Structure formats: C-alpha cells, structure tokens
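Colleague: Sequence:
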Amino acid sequence: CHNGHTLCSTCKSRVHNRCPTCRQELGDIRCLALEKVAESLELPCKYYTHGCPEIFPYYSKLKHEAQCNFRPYNCPYAGSECSVVGDIPFLVSHLRDDHKVDMHTGCTFNHRYVKSNPREVENATWMLTV
1 CHNGHTLCST CKSRVHNRCP TCRQELGDIR CLALEKVAES LELPCKYYTH GCPEIFPYYS
61 KLKHEAQCNF RPYNCPYAGS ECSVVGDIPF LVSHLRDDHK VDMHTGCTFN HRYVKSNPRE
121 VENATWMLTV
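When you line the sequence shown up against full-length UniProt numbering, it's residues 1 to 130, in that order.
The hints are simulated quantities; they were obtained by calculation from the structure and are not laboratory data.
Since the model is a prediction, treat every value here as computed from it, not as a measurement.
Beta carbons are placed, not taken as given, at the ideal position from N, Cα and C, and that holds for glycine.
Hints are supplied without guarantee of correctness; some may be wrong.
[Claimed, not checked] Listed next, the in silico DMTMM-like pairs over lysine to aspartate or glutamate satisfying Cα-Cα at most 25 Å (straight line):
no. : residue 1 : residue 2
1   : K36       : E54
2   : K46       : E35
3   : K46       : E65
4   : K61       : D87
[What the hints assert, rightly or not] Restraint ranges, calculated between C-beta atoms of paired labels, are given here:
no. : residue 1 : residue 2 : range
5   : V92       : D28       : 43 to 53 Å
6   : Y58       : V92       : 28 to 38 Å
7   : R23       : N69       : 18 to 28 Å
8   : I88       : K36       : 13 to 23 Å
9   : S13       : V101      : 41 to 51 Å
10  : N69       : S40       : 24 to 34 Å
11  : D98       : S9        : 35 to 45 Å
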C-alpha cells in the first residue's frame, strides 16, 4: 500500500483491495525490496522428488520446469482413460504391470500434449518406445 505495507496478490483479493494493517486502498505498487530478495533466492526444481537435481534462481525456475526431463507424463496407453501420471521409468513399469504391454517385442506409443500456456501454439507428439 502507499504506507509501505506488503501483501501478496493472492491475499490482496481476499482483503477486498484494502490493506489489512492500515485499511488504506491497495494500489498496484511494486515492492522492489521483496523483488530483490526473490532475485537472490535459489530454489530446487519442483520435480526434485522425481530425480531432478537442478537448483535455479527464482526467475528462471519456471522456464526450466516447463522443459524438465524429470517432469511427470500421463499414461500413453492407447484407448484408455488411464489417469496414472509419472516419470518414464515408472510409466514403463505401469505399462508392463497394469496394461500387460509385452516389453519383449517392443511397443511404440504416441502421446499428444498441448502446452499449458494458451498463447503458445504448440501441439506436439512424443514417442515412447519400450
């Protein structure tokens, strides 16, 4: 707010655009001190539990996560509404154990995805060969 109190954008909507400390109307004022703190943060990739060892500065973390090799994928089994999600090694086990895919002869799955940002027009297909 104009008195220097800080509030995140999520909380701003919950307090009906009024500062919870001084009740002044909240504007769209940037907090440069907090932006500098954010720039100095180094955070692990959100897929670290899937094996990604990378650590990134705050502002480049999201770009990496959109392309991270450890991000989970949906089950590519054709013709099913399978809701299983996981990394590639997990999905290979899932295909073998739950869908009874024969891993000896090998199988190829085409998996279509659309980027989550609607402004980025990119439909692509990746191929998983097991």
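Colleague: Each hint: holds or not?
Modeller: Now for the hints, and whether the structure bears them out:
Of the supplied pair hints, the one linking K36 and E54 holds, its CA atoms being roughly 22 Å apart against a limit of 25 Å. Distance hint between K46 and E35 is fulfilled; the C-alpha atoms sit about 21 Å from each other, no more than 25 Å. In summary, the hint linking K46 to E65 is supported, as the alpha carbons are separated by about 7 Å, within the 25 Å threshold. About 19 Å separates the Cα atoms of K61 and D87, which keeps this hinted pair within 25 Å; it holds.
Take V92 and D28: their Cβ atoms lie about 48 Å apart, and the range 43 to 53 Å holds. For Y58 paired with V92, a C-beta distance near 34 Å keeps the hint of 28 to 38 Å intact. For the pair R23 and N69, the supplied restraint of 18 to 28 Å is violated, since their beta-carbon distance comes to about 49 Å. Between I88 and K36 the Cβ separation comes to about 39 Å, which falls outside the hinted range of 13 to 23 Å.
The hint said 41 to 51 Å for the Cβ distance between S13 and V101, and at roughly 47 Å that hint holds. At about 27 Å, the CB distance of N69 to S40 agrees with the hint of 24 to 34 Å. Between D98 and S9 the Cβ separation comes to about 41 Å, which falls inside the hinted range of 35 to 45 Å.
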